[in-house]
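Visitor: The listed protein sequences correspond, in order, to chains F and G. Just so it is clear: in the first sequence, position 198 is 198 by our numbering, and no numbers are missing. Just so it is clear: in the second sequence, position 151 is 151 by our numbering, and no numbers are missing.
Some hints could be false.
[Stated by the list, open to error] Some residues of chain G that are not near chain F, with every Cβ distance over 12 Å (derived): (1) Ile54; (2) Thr61; (3) Lys67; (4) Pro75; (5) Glu83; (6) Glu94; (7) Asp103; (8) Ile105; (9) Val111; (10) Thr135; (11) Ser167; (12) Lys179; (13) Phe184.
[Claimed, not checked] Just the calculated beta-carbon pair ranges, DEER-fashion: (14) G/Asp103 x F/Pro23: 33 to 41 Å; (15) F/Gln71 x G/Ser15: 49 to 57 Å; (16) F/Thr34 x G/Gln223: 39 to 47 Å; (17) G/Glu236 x F/Lys76: 30 to 38 Å; (18) F/Thr176 x G/Lys217: 39 to 47 Å; (19) F/Leu22 x G/Phe225: 56 to 64 Å; (20) F/Ser44 x G/Ser15: 30 to 38 Å; (21) F/Thr173 x G/Phe225: 23 to 31 Å; (22) G/Ile164 x F/Thr176: 52 to 60 Å.
Source of the hints: derived by calculation from the structure; they are not laboratory data. Think of the CB as a built atom: it goes at the ideal place given N, C-alpha and C, for glycine as much as any other residue.
Number of protein chains: 2
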Amino acid sequence: MKKMIIASTSTIHGSSYLEYLLPTLQQFFSDVKTILFIPYARPSGITYDAYTQIAKKAFATIFIDVKGIHQYKNPKEAIQNAEAIFTGGGNTFELLNQLYKKDIITDLQQVVNSGTPYLGTSAGSNICGVTMMNTNDMPIVYPPSFDTLQLIPFNINAHYLDPIKGSTHMGETRETRIKEYHVFNKTSVLGLREGSWLAVSGKSILLKGNISARLFKQNKNPQEFEAGSDFSFLYE
Amino acid sequence: MKKMIIASTSTIHGSSYLEYLLPTLQQFFSDVKTILFIPYARPSGITYDAYTQIAKKAFATIFIDVKGIHQYKNPKEAIQNAEAIFTGGGNTFELLNQLYKKDIITDLQQVVNSGTPYLGTSAGSNICGVTMMNTNDMPIVYPPSFDTLQLIPFNINAHYLDPIKGSTHMGETRETRIKEYHVFNKTSVLGLREGSWLAVSGKSILLKGNISARLFKQNKNPQEFEAGSDFSFLYE
């Protein structure tokens with residue numbers, strides 16, 4: 001049975017890496033000794049090694065080891081054999097680009113659909129949707145496609161931001177950007193605010209974290225959903 | 001001789017469409033009766049007709065007519081015959097996608113290099129650089145390439161935003177995003193703040209608008225350049 005945690009962000013303001021999620025992760029990964037970490041998104045361009053160390057340090061506090069996928073000769077085998085998988089945040093274009101380069105899209109889909117527990121934060125959450133078309137990231141590399149893992153039936157907008165009251169900046173708000181997306185695309189988009197996450201268990205997709213999320217459907221007004229909501233109706 | 005105005009934004013807070021630029025445009029387009037408008041970026045998904053009307057209304061105040069490229073049967077001929085060209089803002093992915101679909105990249109390069117006056121705002125400015133890799137827009141469509149018109153030897157980051165002091169949002173700052181870009185790419189990036197623009201005349205590329213701009217070069221600290229600076233040194 002599919003088991004995933006799809007989080008808006010790895011870190012909330014004023015706390016350390018993954019800190020706010022650790023009680024949840026301890027339960028979620030209760031049977032897991034070692035997590036396979038996918039560091040391809042390289043936030044601020046840090047190396048795979050440096051990024052893996054950050055994840056390792058956080059998981060050490062709940063007595064779970066972390067190994068970077070780059071430490072394995074064969075990334076496909078690493079995924080097939082993983083006890084659990086964590087894809088960290090950073091740049092979604094580069095992350096997806098590497099998943100295609102290493103030809104591990106299908107492997108990831110297969111093992112997660114078969115029950116390998118999966119944690120994504122930020123870019124690692126964006127790739128769980130149908131496409132990466134609702135990322136906030138800069139297109140710093142050109143991936144062979146925007147199609148992602150399609151493990152849930154809608155797209156994620158991570159770090160969802162409400163319009164800033166009184167702002168004089170003329171760049172588009174997040175809501176305007178998603179509205180533009182729906183001129184060209186049908187797939188729904190869930191704006192996940194920082195501090196919230198989706199707990200996926202089979203077909204159930206529950207909103208966690210005590211903050212509401214904003215759902216954008218084509219040709220409909222956006223709608224707020226309270227924590228505890230189940231988005232499995234989007235499979236229909 | 002190449003003659004371009006490459007503006008960060010069409011509109012500054014508290015004024016109407018193009019208003020802050022009109023005195024400059026009146027001079028820039030002094031010999032022009034009709035401007036060819038490229039509405040492909042469709043801000044908020046508005047139609048080509050509606051968008052062209054907005055541009056038409058603004059230019060009417062300086063007695064210049066505007067025609068949308070979609071009103072012509074053959075967009076290549078429309079560009080080749082244009083007295084002047086204006087590409088408006090919106091979504092850079094969709095704008096570039098249409099330029100490729102209509103096969104008018106080479107035509108645009110050719111006529112602008114030959115002296116057809118060109119105005120770009122926001123997305124219409126992003127496409128003047130080497131690639132569109134420093135857009136802030138959402139990847140709502142998948143263009144066949146990120147390569148753009150290469151009319152200037154660097155990339156533009158339009159609506160450049162300084163980090164917001166005291167923000168608790170954990171999404172990347174603009175500077176962090178451009179830093180990530182330089183891990184994978186060599187081309188320099190100019191962060192153009194709202195209210196500033198580049199006046200291109202042959203090889204000269206002058207910063208206008210009384211606000212400084214921020215230049216990002218690979219493996220260098222970012223540097224502020226005052227209004228009046230000439231960026232033609234980036235041809236070297």
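Visitor: For each hint, tell me whether it holds in the structure or not.
Guide: Consistency of the hints with the structure:
| no. | hint | verdict |
| --- | --- | --- |
| 1 | Ile54 | holds (14 Å) |
| 2 | Thr61 | holds (20 Å) |
| 3 | Lys67 | holds (23 Å) |
| 4 | Pro75 | holds (20 Å) |
| 5 | Glu83 | holds (28 Å) |
| 6 | Glu94 | violated (7 Å) |
| 7 | Asp103 | holds (19 Å) |
| 8 | Ile105 | holds (16 Å) |
| 9 | Val111 | holds (27 Å) |
| 10 | Thr135 | violated (7 Å) |
| 11 | Ser167 | violated (9 Å) |
| 12 | Lys179 | violated (6 Å) |
| 13 | Phe184 | violated (5 Å) |
| 14 | G/Asp103 x F/Pro23: 33 to 41 Å | violated (56 Å) |
| 15 | F/Gln71 x G/Ser15: 49 to 57 Å | holds (56 Å) |
| 16 | F/Thr34 x G/Gln223: 39 to 47 Å | holds (45 Å) |
| 17 | G/Glu236 x F/Lys76: 30 to 38 Å | violated (45 Å) |
| 18 | F/Thr176 x G/Lys217: 39 to 47 Å | violated (32 Å) |
| 19 | F/Leu22 x G/Phe225: 56 to 64 Å | violated (45 Å) |
| 20 | F/Ser44 x G/Ser15: 30 to 38 Å | holds (36 Å) |
| 21 | F/Thr173 x G/Phe225: 23 to 31 Å | holds (29 Å) |
| 22 | G/Ile164 x F/Thr176: 52 to 60 Å | violated (19 Å) |
Checked against the numbered hints listed earlier, the structure breaks hints 6, 10, 11, 12, 13, 14, 17, 18, 19, 22; every other hint is satisfied.
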